[in-house]
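One-letter residues, chain by chain:
There are 2 protein chains.
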Amino acid sequence: MTKQDDGFVKEITSKEEDFSRWYVDVIRKAELADYSSIKGCMVIKPYGYELWENIKNDLDNKIKDTGHKNAYFPLFVPESLLKKEAEHVEGFAPEVAWITHGGDDELEERIAIRPTSEAIIGDTFSQWIESWRDLPLLINQWANVVRWEKVTRLFLRTREFLWQEGHTAHATQQEAEEETMKMLGVYQELCEKVLAMPVIPGRKTENQKFPGALHTYTVEALMSNGWALQAGTSHNLGQHFARVFDIQYLDQNQEQQYVWQTSWGVSTRLVGGVIMTHGDDSGLILPPAIAPLHAVIVPILFDKTRDIVLEKVDQLLNTLSGKIRVEADTRDEYTPGWKFNEWEMKGVPVRIEVGPRDVKNQQVVLVRRDNREKIIVKENNLLDEIQKNLEDIQSGLFQKALDFRTENTYEVDNFKDFEDIMAGGRGFIYANWCGSSECEDEVQNLTKATIRCIPLEGYKPTGECVHCSKEGKYKVYFAKAY
Amino acid sequence: MTKQDDGFVKEITSKEEDFSRWYVDVIRKAELADYSSIKGCMVIKPYGYELWENIKNDLDNKIKDTGHKNAYFPLFVPESLLKKEAEHVEGFAPEVAWITHGGDDELEERIAIRPTSEAIIGDTFSQWIESWRDLPLLINQWANVVRWEKVTRLFLRTREFLWQEGHTAHATQQEAEEETMKMLGVYQELCEKVLAMPVIPGRKTENQKFPGALHTYTVEALMSNGWALQAGTSHNLGQHFARVFDIQYLDQNQEQQYVWQTSWGVSTRLVGGVIMTHGDDSGLILPPAIAPLHAVIVPILFDKTRDIVLEKVDQLLNTLSGKIRVEADTRDEYTPGWKFNEWEMKGVPVRIEVGPRDVKNQQVVLVRRDNREKIIVKENNLLDEIQKNLEDIQSGLFQKALDFRTENTYEVDNFKDFEDIMAGGRGFIYANWCGSSECEDEVQNLTKATIRCIPLEGYKPTGECVHCSKEGKYKVYFAKAY
Chain X
1 MTKQDDGFVK EITSKEEDFS RWYVDVIRKA ELADYSSIKG CMVIKPYGYE LWENIKNDLD
61 NKIKDTGHKN AYFPLFVPES LLKKEAEHVE GFAPEVAWIT HGGDDELEER IAIRPTSEAI
121 IGDTFSQWIE SWRDLPLLIN QWANVVRWEK VTRLFLRTRE FLWQEGHTAH ATQQEAEEET
181 MKMLGVYQEL CEKVLAMPVI PGRKTENQKF PGALHTYTVE ALMSNGWALQ AGTSHNLGQH
241 FARVFDIQYL DQNQEQQYVW QTSWGVSTRL VGGVIMTHGD DSGLILPPAI APLHAVIVPI
301 LFDKTRDIVL EKVDQLLNTL SGKIRVEADT RDEYTPGWKF NEWEMKGVPV RIEVGPRDVK
361 NQQVVLVRRD NREKIIVKEN NLLDEIQKNL EDIQSGLFQK ALDFRTENTY EVDNFKDFED
421 IMAGGRGFIY ANWCGSSECE DEVQNLTKAT IRCIPLEGYK PTGECVHCSK EGKYKVYFAK
481 AY
Chain L
1 MTKQDDGFVK EITSKEEDFS RWYVDVIRKA ELADYSSIKG CMVIKPYGYE LWENIKNDLD
61 NKIKDTGHKN AYFPLFVPES LLKKEAEHVE GFAPEVAWIT HGGDDELEER IAIRPTSEAI
121 IGDTFSQWIE SWRDLPLLIN QWANVVRWEK VTRLFLRTRE FLWQEGHTAH ATQQEAEEET
181 MKMLGVYQEL CEKVLAMPVI PGRKTENQKF PGALHTYTVE ALMSNGWALQ AGTSHNLGQH
241 FARVFDIQYL DQNQEQQYVW QTSWGVSTRL VGGVIMTHGD DSGLILPPAI APLHAVIVPI
301 LFDKTRDIVL EKVDQLLNTL SGKIRVEADT RDEYTPGWKF NEWEMKGVPV RIEVGPRDVK
361 NQQVVLVRRD NREKIIVKEN NLLDEIQKNL EDIQSGLFQK ALDFRTENTY EVDNFKDFED
421 IMAGGRGFIY ANWCGSSECE DEVQNLTKAT IRCIPLEGYK PTGECVHCSK EGKYKVYFAK
481 AY
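Sequence order for the protein chains is X and L. Residues in the first sequence are numbered from 1 upward in steps of one, following the numbering used here. Residues in the second sequence are numbered from 1 upward in steps of one, following the numbering used here.
Just so you know, these hints were derived from the structure itself, not from any lab. One thing to keep in mind: the hints can contain errors.
Note that the list lumps identical chains together, so a pair holds whenever it fits in one copy or between two copies.
Said to hold, decoys possible - Below, a list of computed lysine-lysine pairs in the DSS-like style, where the Cα atoms sit at most 30 Å apart:
hint	residue 1	residue 2
1	Lys304	Lys56
2	Lys388	Lys69
3	Lys39	Lys83
4	Lys400	Lys470
5	Lys84	Lys304
6	Lys360	Lys29
7	Lys323	Lys29
8	Lys83	Lys150
9	Lys473	Lys388
10	Lys473	Lys69
11	Lys378	Lys62
12	Lys323	Lys64
13	Lys304	Lys360
14	Lys378	Lys304
15	Lys480	Lys29
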């Protein structure tokens, strides 16, 4: 049963034709994830999970390097705890999954599955923190959370998802603000250096901030269909939770003070961001920093030369193993062409082809996933050449995504242009805004665009509001967002 | 506010006086975990979580090295799926937490929080597996699970706990049995080489096996109070789940066959095992392989020599960092004695004391946590000496626990002796058993002892059943268990 080269690629929709279907097709064909029997929940398949593990391991190191410790808090939040912070419960209650029974017994109080852990962690911090010596308290948790969404998309919005949530407590407002910005910087570095996904850091408007936060900061990426993706958020919680959960410390003057808190998180949605930033009509294109495989070796086999080619493949595999993430695809039941397509679908950055002529010439053919360039490489130079190309792919993917963002960011000073862009190819619109929530809502109703952020730098207005023509207060990024 | 040396140790109960209170006291004073506002759920504090992460990382490597891939499956199991395997639901239904509402909407079908994932994974495997080429399918998941237990103990039995669960599918019964035993071997190696906790591998009786399994294998450890701890289990599921979830593959003769499955798991309960195997009246004693800190440097400070001692501590810390897990405790507000007690409570294997005379003599004092031995070590020899001692502590802890088990394992041929041992200091009782479940139940009712396992080796009976005096069928290990 030999499968042929054709048939593999044809099965996915093109990006041009239907971006949403392309997205789902790639996820399924590349075996990243699939929907499960539970509505709105996905199964993350081994290849997708390995991608997530690589993102997670990198970020976990960054979180530890900035002085945070991992801990684990309960999955459950009693209804009374969740309700303590008014804005917070208003924001999350409509999408909470409720437990009412343990075994055959009805519970005395309904229990929420955590949609986020501010409440349960606030309650815990009030027990952990006594004096100024306990501050700053810098905690992170890797966990699953549940939000009972009506409309779901693989990786981008599922009823259960995996994430990390940092929770910190500080003695002063200034320290909390510094922590909020520091972790926003960590997210920006993760997105740009590791996922090769450029982001705009900025502050959320009142409409878009986290329920219960003082300020929310965000890193916003532009997907290759012109929609924005909120890639990570970092919240300065002020003293809102400290006051309702009574998180106080004795300061150096022996006086009780409320702490200042932050929280910040990124989730498995980053995997969706990677797919939509880099992928093409042949499937995934993965940044080497997080690719489960850096390279795959595909032998070109003929009956007479089969043994010497396989022997060479074995030898190359031994040389490369442990230095890069590499596998050889020696399956007999598929043609080389079929394998090329499959590994392209899976976004492996580099393919190494080895045929009988290559063995004879002590060379291999290196093929790059990002630009399909074919390079003849001498065997004794292979590792260096692969590593050089991996670095080049990593930086090239970032540059390509940055160029795309530049080309699809429009500085606009009238609402007619705004509407035309949002009705067409979309992208980021950089425009003046009056600062009013009502005006922001109106723009959203008319165009589906929301304010993604007030950028950290250069948000001085340059004229009147792009919609209501009142005096501009900020210059902001608008986009239609996931 | 200088805290004194006394007061720290006095706050914990002695093992002799009340083992259960000692256990909880150590967990709290060593800051491993604590109960939360949710009945029966714990918060794992940073030090406890780091211990778990070290266990997890080691086991994750072993699981990957044996060819398994990590994946992630939903937290939720619809009631109808959970009910498909009759024994399975009967075993788990009494302790399932049920979700009935998503936001304000009542769900059409109740959803269980996974107590284990055979049902949801069986359902998924039926979609993933088509042909013999898809086998063996070797999957592992790190996840939280929920069992609504009435009586809970920190780490040992909590309503939510963290674990890994392996799930595999094979073409033949023999392969499934081999996998079951291989992973039992992995667990034995983890327990003995990493946790320094000797275990007896064996098979569970029908009474004690996993609901829905064909056979359950276990590794059983003996805690220092004479109670047994089931440290990990590995199940040969036969075709029970394959038949109810319709997991079939097309074999090489183009015929549909049901797969043979296994599942296996260990959990955060291992942390409890480590505490109860090695700890003493001064607190934790951690095996170096998993200790969050291998060594802590404590300076002995006097006003005149403060600077030169702190400078030396800095220098030593620089030399050791990155080679072992090490910290310096330079806090001013505690005396050296208080610090010694605190780090002993936390079970750090080695303490390095540095005072002015040590600086002068280019030496330090190394103090072992396991036997309190004090060793004068020359500075230039420090890393070697620490590493030698860490190895010695690791193997010494295992040997000590093995000796304890040997001393507390009783080969018994009459029920009078059996009852006396179970009424006294307890331990393992190695005795003949007739093979009847009723007889096993009677022994449990009379003595609280259960059959921990039919050991893999040497379970030939040597006479009549220790309780009913019928013909012995197996020679087994009894104990009172957690």
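Should Lys473 paired with Lys69 be assigned to within, between, both, or neither, using CA atoms and 30 Å as the limit? Neither, since 40 Å and 52 Å both go past 30 Å.
Evaluate Lys360 and Lys29 at a C-alpha cut-off of 30 Å and name the case that applies: within, between, both or neither. Neither: 36 Å inside a copy, 68 Å across copies.
Go through the copies and call it for Lys84 and Lys304: within, between, both or neither, with a Cα cutoff of 30 Å. Neither: 75 Å inside a copy, 53 Å across copies.
Cα distance capped at 30 Å. Does Lys473 pair with Lys388 within a copy, between copies, both, or neither? Intra 47 Å, inter 66 Å, cutoff 30 Å: neither.
At most 30 Å between alpha carbons: which applies to Lys378 and Lys62, within, between, both or neither? Neither way: Lys378 and Lys62 sit 37 Å apart in one copy and 36 Å across, limit 30 Å.
Indicate which option fits the pair Lys480, Lys29 if close means a Cα-Cα distance not exceeding 30 Å: within, between, both or neither. Only inside one copy: Lys480 and Lys29 sit 27 Å apart there, 52 Å across copies, limit 30 Å.
Go through the copies and call it for Lys39 and Lys83: within, between, both or neither, with a Cα cutoff of 30 Å. both (27 Å within a copy, 18 Å between copies)
Pop the pair Lys304 and Lys56 into one bin, within, between, both or neither, using alpha-carbon distances up to 30 Å. Neither, since 46 Å and 48 Å both go past 30 Å.
One pair to classify: Lys323 and Lys64, alpha carbons no more than 30 Å apart. Within, between, both, or neither? The answer is both: 25 Å in one copy and 18 Å across copies each meet 30 Å.
Which holds for Lys400 with Lys470 at a C-alpha limit of 30 Å: within a copy, between copies, both or neither? neither (37 Å within a copy, 79 Å between copies)
As a check of your reading, is Lys83 near Lys150 (CA-CA no more than 30 Å) within one copy, between copies, both or neither? both (22 Å within a copy, 26 Å between copies)
Have a look at Lys378 and Lys304 and pick one of within, between, both or neither, based on CA distance no larger than 30 Å. Intra 23 Å, inter 66 Å, cutoff 30 Å: intra-copy only.
Hint check: violations occur at hints 1, 4, 5, 6, 9, 10 and 11; the rest are consistent with the structure.
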